Every structure is written in C-alpha cells, then in structure tokens.
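Fit chain B to the supplied structure of chain A, relying on the hints for placement.
Chains as they are written, first to last, in this note's numbering: chain A, 1 to 300; chain B, 301 to 639.
If you're looking for bench data, these hints aren't it; they were derived computationally from the structure. The model shown is predicted, which means the values in this text are computed figures rather than measured ones. Among the hints, erroneous ones may be present.
Quick look at which bits of chain A chain B covers, simulated, 3 or more residues with Cβ under 8 Å [claimed, not checked]:
| no. | segment |
| --- | --- |
| 1 | 137-144 |
| 2 | 153-160 |
| 3 | 238-249 |
| 4 | 265-279 |
Here are the simulated lysine-lysine pairs, DSS-like style, with alpha carbons at most 25 Å apart [what the hints assert, rightly or not]:
| no. | chain 1 | residue 1 | chain 2 | residue 2 |
| --- | --- | --- | --- | --- |
| 5 | A | 261 | B | 500 |
| 6 | B | 598 | A | 261 |
| 7 | B | 531 | B | 550 |
| 8 | B | 598 | A | 249 |
| 9 | B | 384 | B | 598 |
| 10 | A | 210 | A | 16 |
| 11 | B | 531 | B | 554 |
| 12 | A | 73 | A | 261 |
| 13 | B | 460 | A | 261 |
| 14 | A | 63 | A | 261 |
Quick list of simulated restraints, FRET-style, between CB atoms [stated by the list, open to error]:
| no. | chain 1 | residue 1 | chain 2 | residue 2 | range |
| --- | --- | --- | --- | --- | --- |
| 15 | B | 430 | A | 80 | 23 to 33 Å |
| 16 | B | 533 | A | 17 | 42 to 52 Å |
| 17 | B | 616 | A | 17 | 47 to 57 Å |
| 18 | A | 80 | B | 537 | 51 to 61 Å |
Where is the CB? At the ideal position from N, CA and C, for every residue including glycine.
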Amino acid sequence: MTTRDQMQADLLASLKQKRRGFAKGWYKFSRNPLSVLGLVVLILIVLAAIFAPYIAPYPEHAKPYTNFQDGGKPPSLQHFFGTDRVGRDIFSRVIFGYRFSLTIGIVVLCLGVAPGVILGLLAGYHQGTWIETVSMRVTDIFLAVPPLVLALAITAMLTPNLTNQMMAIALVWWPWYARLVFALSSSLRSQYFVREAELTGASRLHIMFKEILPNCLAPVMTKMTLDMGIVILLGATLSFIGLGVQPPKPGLGTMVAEGAKRLPGEWWGTIFPALAIVVVILAFNLVGDGLRDVFAVEEV
Amino acid sequence: MTKFIIKRAFQSLFVLFGLSLLIFFIARVMPGDPARASLGFLATEEQVERVREEMHLNDPLPVQYYHWLRNLLRGDLGRSSYTKQPVTKDLIQYIPATFELILFATLISAIFGQVTGVLAGYFRNSWFDGLSRLVSYLGIATPSFVVAIFLLFIFSQVLKLAPGVGRLPIMMTPPPSVTGFMTLDSLLAGRPDLALTALKHMILPAISLAVIHIAQEGRITRTSIAENMQKDYITVHRVHGIRTSRLLFKYLLKPSIIPTVTVMGLDFAFLMSNAFLVEMVYMWPGFSRYAVTAMLNKDLNAIIAVVLVIGLTFAVVNLLVDIITMFLDPTIRLRREGS
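Isolated chain A (complex conformation):
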C-alpha cells in the first residue's frame, strides 16, 4: 500500500471513529425520553421563532397595533390564547416573544462565556501567582450579590431596553464560567499531558488553549445549555419588572406583567405567556441534563 492510500485509510478510520462517537453520544442521550422530548420541543420553538412571520396567524399583532373591537376575547379557534386588552392575538405575540427570549439567551452567552473561560483558564494555569489572586478576587466581587440584583441595577442605570438588558446580564454572567474553568484547569495543569507539553517546550498559549481548553469544553457546553434556560428566565424577569423589552414589543415577561393587571377576569393574557416561559426553560433544562449524561459531567 502506498503512503497515500495509507493516509486515506487513516482519514476514513478517524472519520468513522468520530461518527461512532456521535452515535454513542446520541444513544446515551436518547436513553432518556425526557431529554428527547425537551429536544423536540426546543427544535419546535426555535423553528417557530425563526419563521415567526410565516407561522404566527396574525404577525402584524407583534407590532404597534390596536383593534379595540377584538379586545379581551377568551381563547377560541381564531385566537388560540385569546386576545389582550387592545385586541392583539396573544398566540402570535408569544411566538414573536420567543424571538426575544432566544436572542437574549444566545447573545448573553456569546458575550459572557468567552471572557469567563479565558479568565478562568489564565487563573487556573497560573495557580498560586498574582494572576490567580487578582482574577479570582474580581470574580468574587461580581458574585457578591445575586445575579438578578446586579443585572437589574446595571440595566436601571443604563436605559432599559433589549441591548442594555443583554449587556447587563452578560456582565453578571461571566464569573460563573470563570469559576468553572478555573476549577477544571487548576486540576488539569498537574496532569501528565500538560507536564509533557511543558517539558517539550510548548508555549504557555499552546498549553492553555490547545492542551487544557479542549478538556474543559464538555462541562462548559453542558453548563451553557443549562444556562440558556436560566438566562432566558433572567431576561423574562427583567422584562417583567419593566427593565427589559419595552412594550409594545412582545417580550414574554412584558406580556405577563401587562396581563397581570387584568387578573382574574382575563386570565389568558398572563397565564399563557407565563406557561410559554416555563416551557422553553424546561426544554433547555431537559436537554442540558441529557448532555450532562452524555459527557458524564459530574457537577456544573
């Protein structure tokens, strides 16, 4: 066999291995029916949010719109979740509301995870030096109050809107990743493969990002999935208080707050958006739990 054939065979084998790894992971994941259910619900929600203008029966109701004649109608075949005070279809608004929720979750994690991971990595690899002391004490300061309180305070001092809300949540979210990666990398740095890399003269950057980081990814990914739910919850909470997505935009929390004024008479205006929040968070938690089993991550 020529070298080229050999290389091709190797490549094929490694591809097969990868596919087998994936199949094995999927098998483990599918053993838990609840996780699969969560995944199905999640895919439906994501698709609904992406194609909201085509799926929602009344897409124009997500914009400033009033039709007082249809106001306060209970759930029916025309309006699955009923209509609110000014006659907007709540089902359509919930679907558009998922757009905000998912955006908040994705943007916050994109902004928050990278700095947290890098800082944790730096602190963990340089355990016992001033780098660790400084970065971990800064982390402590951010964790000194519950995330909701700090996020609320920061959004309040900025102008409350979607962008500032996401920035505020990201600002309180990175420390959790710093903590997690710090714990992981400070135990990994004494492992043999890191020692070996050090002895062969690899640079610090190489060791941190090529040797240690890949071994932290599984727990970080699992935590991200679980955190999507918590971040969405936090976003809905901020909107509920009035410091997030501003009406007339259909934030899920905003809708619950608006509907709560009409309890107990027009219960559908608040109960359905509230259930929508619970469903999306629950779905992320179920998928996250499934991933935790796949990656065999102990605690994140």
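What follows is chain B alone, placed relative to chain A:
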C-alpha cells in the same frame, strides 16, 4: 477557630469594598447627570450647579469615591431622588417588612423541605418521591413571579381561600411600629387578631418564595438519607430493633443537616432577589419594592444603597453559615483550623 472567622470576615469586607467600587463607578460613568436627576427637570441651572458642588461631582472620580465612602461610613447614603428622603431613613423604614417575609419563607422551606426530604428518602421511588422530583424540576424552570401570580390567581382570586395583596387590608390601621415586623408589633400592641390577619396576608407571598426551596432542600435531604440508608450502621440499628421514627430522625436526618444549612445560606440570597418579584406581585411595601421603584425611576443613590445592603446581607449570612457548619461538624472545624 477565631482566626478562621476573622480571616473570613476580612475577605467579606474586601469583597464588599470591591462591590462598592464597582457599583459606584458604574453609577458615575453612566450617561446622565446625577445632580439633574435628583432635582428634576424644573430646577434651574444654578440649583443643579450647587448640588453638583455638594455631591462633589466636579471632582475627579477617585476624589468623588473618597467623599462618598466617607459619608457611607457615617451612615449617610445621600438623598433619594424619588422619595426626597435620606436613603438611610427609607431603608430603615422598608427593610423590616422584607425581612419578616423572608424569615417566614425560610422557616416554611426549612420545615417542609426536611419533611419532604425525609418522606421522599424513606419511601424512595414512590409516588411521593416522584411528585417531589417533579416539583423541584418545575421549580427550577419557573420564574418566581409566575409562581406568585399563579398562587395569587388560584388561591386568592378564584378559590378565595387567602386574602389578597398587601400586609393588611386597607381598612385596618396598622399597629404602632416598634420592630417593623407586623406580626410582632400587633402582639406588642395587644392585638392578636391583627397579628393573625397579618400572618394570613404573609402566607401566599411566603409560599411563593419558599416553594422552589422546599423542593430543592427536599432533594438534598432525600439524597443524603437514601445514601445513608445503605450504610452498615443503619442495618445494625435495624437488627437491634430501633424504631423507624427514631432511626429516621436521629440517625438519618442528622447527617443531612450540614448540606441543608449550606444550601439554606445560598437560598437566603436568592430569596432576597426573588422577593423583588414577589413583593411586586403582592404589593408588599418592603425593601424590594422600594428597590424596584428606585430602579424604574433611575434613583442612583437608592440603587447603590440597595445593592450594598444585599451584598452585606449576603456576606453576613455566608459567614454565619460557615460558623454554624463548623459547630455542627467537627471534621470541617479541624480541616479549617489546619489550613
């Protein structure tokens, strides 16, 4: 042991100092003029300039922080632009209502959490165990304002089993404030009927706060009990014919106390932040509602104060948890003294 406590207290102090720096600088760096904000749009340019001078806003940031910190240590947190009162006075007025609520919620979650945990641990894989697992799972996924709204809707508005919002019905005159705890004040004023009404008003908001923690503390106790039930010493006790109730409460519950205390400390912080929402739903005239009002009105001095108070409470509670666990578990004490 004293050495460890002092060391921990210093650490907390450092974190609080850092927190004050963080929140102060965010407040000052934000666009907008705090002096103008505290006076409103009608104030003249001269008035604003005078307040700017008073608040040291024309000085560089570190000097501003120095003045602010000096006032803070004297107990002066500035004036709230919304209530037009000194923030310290506002805090003293509003904090007791929230603490009364949170303490009641902690009590509920501690008692019911333990009971749930013991039952779920002892009757493992029964319907009760399944139910408690389901509730704890739903609890993580349900924002507390949703819980609060659902409970208010079902028990107060539909079933009419519980009173509505507020600490007392509007028609009732509250007792003279001594402790700030409505129930205690009523008893002190010799009005047990008023105390009972106040307690009834507290039940729904307290359960809204506690329900998640009941489920989670229950899960922790359950795990600990299920683990220890496999151990040899329990089998030995069983063989010796010790009654089940004694076995449960003396030999199985005790080892689960330490994780529970730790979690309760953490929970206290979350109760404080969830109180923001529950107080909003139940119109509870407490610290958290004051905080939300301050935030919605961009009342900078009050926002800073609120964050610091919560940070302080968090630090004190964590310190207490550390001390309590050291008393409960000699091995933790020894390990910490060694290090």
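Practice task
Take a quick look at whether residue 531 of chain B and residue 550 of chain B sit within 25 Å of each other, Cα to Cα.
Solution key: holds, 15 Å
Practice task
Starting from the hint 42 to 52 Å, judge whether the C-beta atoms of residue 533 of chain B and residue 17 of chain A obey it.
Solution key: Given range 42 to 52 Å: holds, Cβ gap about 47 Å.
Handout entry: 25 Å Cα cutoff - pair residue 460 of chain B, residue 261 of chain A
Key = holds, 18 Å
Problem - 25 Å limit on alpha-carbon distance, applied to hinted pair residue 384 of chain B and residue 598 of chain B - result: Since the Cα atoms of residue 384 of chain B and residue 598 of chain B sit roughly 13 Å apart, the hinted pair holds (cutoff 25 Å).
Problem - Residues of the segment 153-160 of chain A with Cβ under 8 Å from chain B, three needed, outcome - result: holds (count 6)
Practice task
Can you take a look at whether the segment 137-144 of chain A is actually covered by chain B? Rule is 3+ residues, C-beta closer than 8 Å.
Solution key: holds (count 6)
Handout entry: Pairwise hint evaluation, residue 500 of chain B against residue 261 of chain A, where the allowed Cα distance is 25 Å at most
Key = Holds: residue 261 of chain A and residue 500 of chain B sit about 23 Å apart, inside 25 Å.
Practice task
Below or equal to 25 Å on CA atoms is what counts here, so check residue 531 of chain B against residue 554 of chain B.
Solution key: holds, 14 Å
Exercise for the section: Starting from residue 73 of chain A, check that the Cα of residue 261 of chain A is at most 25 Å away, please. Expected result: OK: residue 73 of chain A and residue 261 of chain A at ~16 Å, within 25 Å.
Problem - Outcome, coverage of the segment 265-279 of chain A by chain B - at least 3 residues whose beta-carbon is closer than 8 Å to one in that chain - result: holds (count 6)
Exercise for the section: Assess, step by step, whether the Cα of residue 210 of chain A is no farther than 25 Å from the Cα of residue 16 of chain A, and give holds or violated. Expected result: Answer holds: residue 210 of chain A to residue 16 of chain A is near 23 Å, not above 25 Å.
Practice task
Look at the Cβ atoms of residue 80 of chain A and residue 537 of chain B and judge whether their distance stays inside 51 to 61 Å.
Solution key: Because 58 Å falls inside the window, the suggested range holds.
Every hint from the earlier list agrees with this structure, and none is contradicted.
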